[in-house]
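**Student:** Below, each chain spelled out in residue letters.
Number of protein chains: 4
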Amino acid sequence: MPNSYNMEFNGVILEDTYAEGFPVWAARVIITAVTKEWAYKAATEATGFATSTIGCPCEAGIERFVPASETPDNRPGYAIMLCCGKKALKEQVLERIAECVLTAPTTAVFNGKAGSEEIIPVKLHFFGDGYESKVVVGGINCWSIPIMGGNFVVEEEVGAIKGVAGGNFLIMGDSQMSALIAAEAAVDAISCVPGTITPFPGGVVSSGSKVGSLKYKFMGASTNEKFCPTIREKVPETEIPEGVKAVYEIVIDGVSEAAVKEAMKVGVQAACRVPGVVKITAGNYGGNLGPFKFHLKDCI
Amino acid sequence: MPNSYNMEFNGVILEDTYAEGFPVWAARVIITAVTKEWAYKAATEATGFATSTIGCPCEAGIERFVPASETPDNRPGYAIMLCCGKKALKEQVLERIAECVLTAPTTAVFNGKAGSEEIIPVKLHFFGDGYESKVVVGGINCWSIPIMGGNFVVEEEVGAIKGVAGGNFLIMGDSQMSALIAAEAAVDAISCVPGTITPFPGGVVSSGSKVGSLKYKFMGASTNEKFCPTIREKVPETEIPEGVKAVYEIVIDGVSEAAVKEAMKVGVQAACRVPGVVKITAGNYGGNLGPFKFHLKDCI
Amino acid sequence: MPNSYNMEFNGVILEDTYAEGFPVWAARVIITAVTKEWAYKAATEATGFATSTIGCPCEAGIERFVPASETPDNRPGYAIMLCCGKKALKEQVLERIAECVLTAPTTAVFNGKAGSEEIIPVKLHFFGDGYESKVVVGGINCWSIPIMGGNFVVEEEVGAIKGVAGGNFLIMGDSQMSALIAAEAAVDAISCVPGTITPFPGGVVSSGSKVGSLKYKFMGASTNEKFCPTIREKVPETEIPEGVKAVYEIVIDGVSEAAVKEAMKVGVQAACRVPGVVKITAGNYGGNLGPFKFHLKDCI
Amino acid sequence: MPNSYNMEFNGVILEDTYAEGFPVWAARVIITAVTKEWAYKAATEATGFATSTIGCPCEAGIERFVPASETPDNRPGYAIMLCCGKKALKEQVLERIAECVLTAPTTAVFNGKAGSEEIIPVKLHFFGDGYESKVVVGGINCWSIPIMGGNFVVEEEVGAIKGVAGGNFLIMGDSQMSALIAAEAAVDAISCVPGTITPFPGGVVSSGSKVGSLKYKFMGASTNEKFCPTIREKVPETEIPEGVKAVYEIVIDGVSEAAVKEAMKVGVQAACRVPGVVKITAGNYGGNLGPFKFHLKDCI
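Protein chains in written order, with this note's numbering: chain Z, 1 to 300; chain E, 1 to 300; chain S, 1 to 300; chain H, 1 to 300.
It is worth saying that the hints were derived from the structure and are not from the lab.
These numbers were taken from a predicted model, which means no experiment stands behind them.
Warning: the hint list may mix true and false statements.
Just so you know, same-sequence chains aren't split out, so a pair can sit in one copy or run between any two.
Keeping only pairs whose Cα atoms sit at most 30 Å apart, straight-line, the calculated DSBU-like set for lysine-lysine is [as the list claims (entries may be wrong)]: (1) K123 with K162; (2) K86 with K234; (3) K90 with K210; (4) K217 with K123; (5) K123 with K234; (6) K297 with K217.
Given only the sequences and the hints, what does the whole structure look like? Please build it.
**Tutor:** This is the structure in structure tokens:
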């Protein structure tokens, strides 16, 4: 591939390739609470067990802190995003609000307005068993449901949009820790891009997979040996350059192609600023999986 | 109930009642990582969306920090506990390790030895697609699976035990914030009791429920109006004493009756030390739900 | 004072009084690092032991997170502010950068441009012992100093301005925890106001003082008994209304009168939104201490 | 130096050298609060600006979390340690308690009993201006001082001991991030050793210094060029092996020689378990500075 290693940013090679994104349904929910800390606890619980729809009910993450001046009830909050198929999204928005936010002290829930292509009815007010009442909070129609901790205020329609999943890039480091810190720096940067989340633990993927398995036919997915540094010598078609000790991937979901594109850009650049990063590449399926292409050359 | 208010601790009334616990299958998993921080991120992701088996796949929480001197690979770690039915537990242990820990940077997984009544096979080594190998770490047989970030070490059998769910007590405060901080103090104390978790957000339940609904027949559960302070005047059989502004519940799962009993004790006492707490009670179903009774009188 | 209790916000009484501010020299320093987490650790160390110039070398706090897109070296950072007299400020800016930031891993230091009324020379480059060199980072002239961890980049002039100290308000709660959580909510809100800090622990003051002592002549300051709820019955001129169990004060330093005014406003309103807050007042010395008056009536 | 590189741990070279410790006065203070979080905020404020006695008033750090079951008032707490000369220690214990703990919401202060070679009188009760009273908490004689937030309980004698400062080791990494994460892992491990602190930001020193300066005679200290990787080629007597990109130092203060020795051991071993660490060494002054020698050969 004589022309493929033709880009650099801050001395790091960017492979001339692209991440392949595909459509996903996305919803955003704003969780407020009496303090930033309690809003964070609820948001964390509500977005757990949500790294990949392969094995989790949905993909989810905290999008951003929302200051009190921007929330309907003027209390501090966090916006979370949930992404998956349309049917599962309806269930997950309901379940995660019901189990992880309604149950959390002092919280309220508002529509984060990811879009209005689909409106998800939450219908939590029936939990009030007749004691619920309609209230207007910050100009928004909500239900107020008596609970043990007081009244739980909830806007019961959450807008959803056909967003983009599968934005990604891979960070190759001259040491495991170079790649790890670069991944953290990338996640720090992406956390400032509205409309995006990095759903994996701490925003980072350590174990890339390929579809199926060469050896174990019953496995639907298995390790992507071409990107495993410790078996570089054993894999003839390894994609690991000499000297690379670890690869971490950042996976991005977003409300739009533009949001994911921006996240890719700031994430790649942040990773490239960390000493010891030697190469950035991205994952795709040859264009067969999804209609969105995020070229690394657009990241610099 | 002339004789029911006959106990006090630190000036707080303890109702003469009990929490009713019931059997649950419990497993403990130790997650280590290169730093305490990365182990925590993985543990947090793995125990999210896990407040109550009513709507979540399982109940889960971080049991405790495990110092490097006590882990098989001598790295810092966190012990997490997962609790639910036996069949669901097998699935959840596998899924949460596979999706939330295998994917997390630098992690390893070890059996936390909750018990050996049931052994859950994780069988993650097939993910290695033939590149996996057996290794001994800290005297323990593990698999080492090549992944992008390096090698993922995993002990593939996790012991489970028939533990106890449903330990609980309710904290009534003269203000919402008295009850809230008391709940946090209780959770702080319980976090030091081995073999127990408080699975709700921040360890606290804000919205207690009753089975079914008086008004909406299609609802399987609805607000427990007798414990809702804001409708105290509307509910003839309210359990809310005059002056109580909020009630928060602590729910405890544990590996044994003894562990839950100890957690109840330290939690109740911690709550009673917070100014503004006026009464502690507990929830039961008249002994019909479960065989374990945790009397508040044993908490002082 | 028949007309003094004539304001309310969200049902909370605001006393018709004002906070009295006075001039203070203020500097802002931007600390960047490889990750948000490491920038935070350095910023925390650099702003500790800095609650009040009565006993600390200066007053300091973290002003805000600065995203990578806004810092000169495109890495995540925190802006800290230091406030005290002009001479002490020069010393403190130097000492805190030298001892707490230069020593912290991966950090760089930039002028946060609080103002340019006074330019503080840091002159850390002499630490390089001749190995230092001039570099331009993000268009800014800096020094690059070889250290064990790599090269420490520092902009050596930090602008200072005559700002305002002593912005304050007092939160009175029907329980200690109502006042405490309200104080935390106020600090959360003020943390979003540019150009301000709340230098006390967690942003909150628990122990107000008066100048001198009635009983112990050798004491320069002692408890302000008129604002102590637990001795309300013993102090004839108590300022504690019946039913108030605790008072917490928020003290604000800012780069300008406008910044402190805005912080007062959002802080007071945030506190008033917390259930159980019954009254807000403010501290002044009858206008003898400082030229700035922040009236509570301007906060609503 | 044919025999100096004769040790290895986990494949990392340990130089056959030692850290040189010297006597320091050390005090321990236990800070409790209504929740773990508020105790932590006070402890953090009280231990800031305290990395090195070269430019800070003292060296200080959080020693450990103290569970409610072990504190005199049965609330959660943190033990902090302060280290410096005897006279300065008396001042610093008083000032830091008075400015950073008395002012912090809901806190209490107890003697952490580092030793009893010297007893530091805090005498905060005079702040009560006659309203203070003696109380017994957990069997301990304390003063209760009325403040705005309630009553501040303080044990007014804090024991001090002649401890050991200057425990240290240097971590050399094949990348900056290998050394950084190894330093963090070392600090994680040392944080579990009773009686020790790592006073620098995040526990890590990025900028080692030598006494004086070769070029600038007015400088009391300057960069230790022999340990600066970026100028390795310019410094004939460099101590940086080929391929080393960064060096981070861990500095340890402890209540005793044994405590520092144990901290050195667990810290060195933890660092050596991080991939990419190539060498560990330690700093000494040829035995001229202090009477304590902590040999790296005793760390494995």
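**Student:** Would you mind marking each hint as holding or not holding in the structure?
**Tutor:** These are the hints, each one checked on the structure:
For the homomeric pair K123 and K162, the shortest alpha-carbon distance inside one copy (22 Å) is at most 30 Å, but the shortest distance between copies (36 Å) is not. In this assembly of identical chains, the alpha carbons of K86 and K234 never lie at most 30 Å apart, being 42 Å within a copy and 40 Å across copies at closest. Taking the shortest Cα distances, K90 and K210 sit within 30 Å of each other both inside one copy (29 Å) and across copies (24 Å). Only between protomers do K217 and K123 lie at most 30 Å apart by alpha-carbon distance; the minimum there is 15 Å, versus 44 Å within a single protomer.
In this assembly of identical chains, K123 and K234 lie within 30 Å of each other by CA distance solely across copies; the values are 23 Å between and 55 Å within a copy. In this assembly of identical chains, K297 and K217 lie within 30 Å of each other by CA distance neither inside one copy nor across copies; the values are 37 Å within and 51 Å between.
The structure fails hints 2 and 6 (numbered hints given earlier, in ascending order).
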